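Engineer: What follows is each chain in one-letter form.
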Amino acid sequence: NAGVTQTPKFQVLKTGQSMTLQCAQDMNHEYMSWYRQDPGMGLRLIHYSVGAGITDQGEVPNGYNVSRSTTEDFPLRLLSAAPSQTSVYFCASSWRGNTEAFFGQGTRLTVV
Amino acid sequence: KQEVTQIPAALSVPEGENLVLNCSFTDSAIYNLQWFRQDPGKGLTSLLLIQSSQREQTSGRLNASLDKSSGRSTLYIAASQPGDSATYLCAVGNTGNQFYFGTGTSLTVIP
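Quick note, the sequences are listed as chains A and B, same order. Per the working numbering: the first sequence ends with 1170, consecutive numbering throughout. Per the working numbering: the second sequence ends with 504, consecutive numbering throughout.
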């Protein structure tokens, strides 16, 4: 059972480039979300989804885009990368809103 | 906006000691509270989930309590081991699986 899988694990981008961070879960979870983790700050919610076709913004959504076409996948798109988006990104999933959340291993992104 | 604070930021204890990690939050209207463990360069591992209607949860040497009215939760670790060394994160759950995280307590257990 793979759980929550994130790819890539590491990525270096140049300012202005775009890319997609992939997240997939094999637990048939309805809820999925993206967080970023920065030094000295707690994880902050970027976007979340409560089911296929339904997404909403979290605390820090600017510069990011998401879609949820299937239950399994929840990709995060950086439209035009900026150095301020250098961070570690985590994807999470849970069966419903009040159940245990499972996290992926993270994607470490550096924007130069 | 929910604010979550974890004290202390770092803790170093000798092996075998019992210890308590603290988490406080500003808005008591929560759905749940979850404690996670994070090892360096790794993802988050769920330790305990406490629903808003519960007072505590236990798993092995871990016990987490929740007092919504005072906005506090504690994670108690009994008989600490070097393998417990990690960062412990407290996350307060809102509807739709939106978590607000503290900045964590970095624990070192000295053999």
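Calculated directly from the structure, the hints in this document are not laboratory data. Owing to the predicted nature of the structure, the values given are computational and were not obtained by experimental measurement. The reader is advised that the hints may include incorrect statements.
[Claimed, not checked] To give an idea of the chain B side of the interface with chain A (calculated C-beta under 7 Å), a few residues: (1) TYR424; (2) GLY436; (3) SER439; (4) LEU441; (5) SER446; (6) SER478; (7) SER499; (8) THR501.
In this text, a Cβ means the ideal position worked out from N, Cα and C, and glycines have one as well.
Engineer: Confirm or reject each hint.
Structural biologist: Outcome of the hint check:
1. Because the smallest distance between the Cβ of B:TYR424 and any Cβ of chain A comes to about 5 Å, under 7 Å, the interface hint for this residue holds.
2. Hint on B:GLY436 holds. Least Cβ distance to chain A is approximately 4 Å, under the 7 Å limit.
3. Residue-level restraint check for B:SER439 holds (minimum Cβ-Cβ distance to chain A is 5 Å; threshold 7 Å).
4. The beta carbon of B:LEU441 is not positioned within 7 Å of any beta carbon in chain A (closest approach about 9 Å), and the interface hint is therefore violated.
5. Because the beta carbon of B:SER446 sits about 10 Å from the nearest beta carbon in chain A, more than 7 Å, this interface hint is broken.
6. At its closest, the beta carbon of B:SER478 sits 19 Å from a beta carbon of chain A; the interface hint therefore is violated under the 7 Å criterion.
7. A cut of 7 Å between beta carbons decides the hint on B:SER499: the least distance to chain A is about 12 Å, and the hint is violated.
8. Taking 7 Å as the C-beta cut-off, the interface hint given for B:THR501 is violated, the closest approach to chain A being about 18 Å.
Hint violations for this structure: numbers 4, 5, 6, 7 and 8, all remaining hints satisfied.
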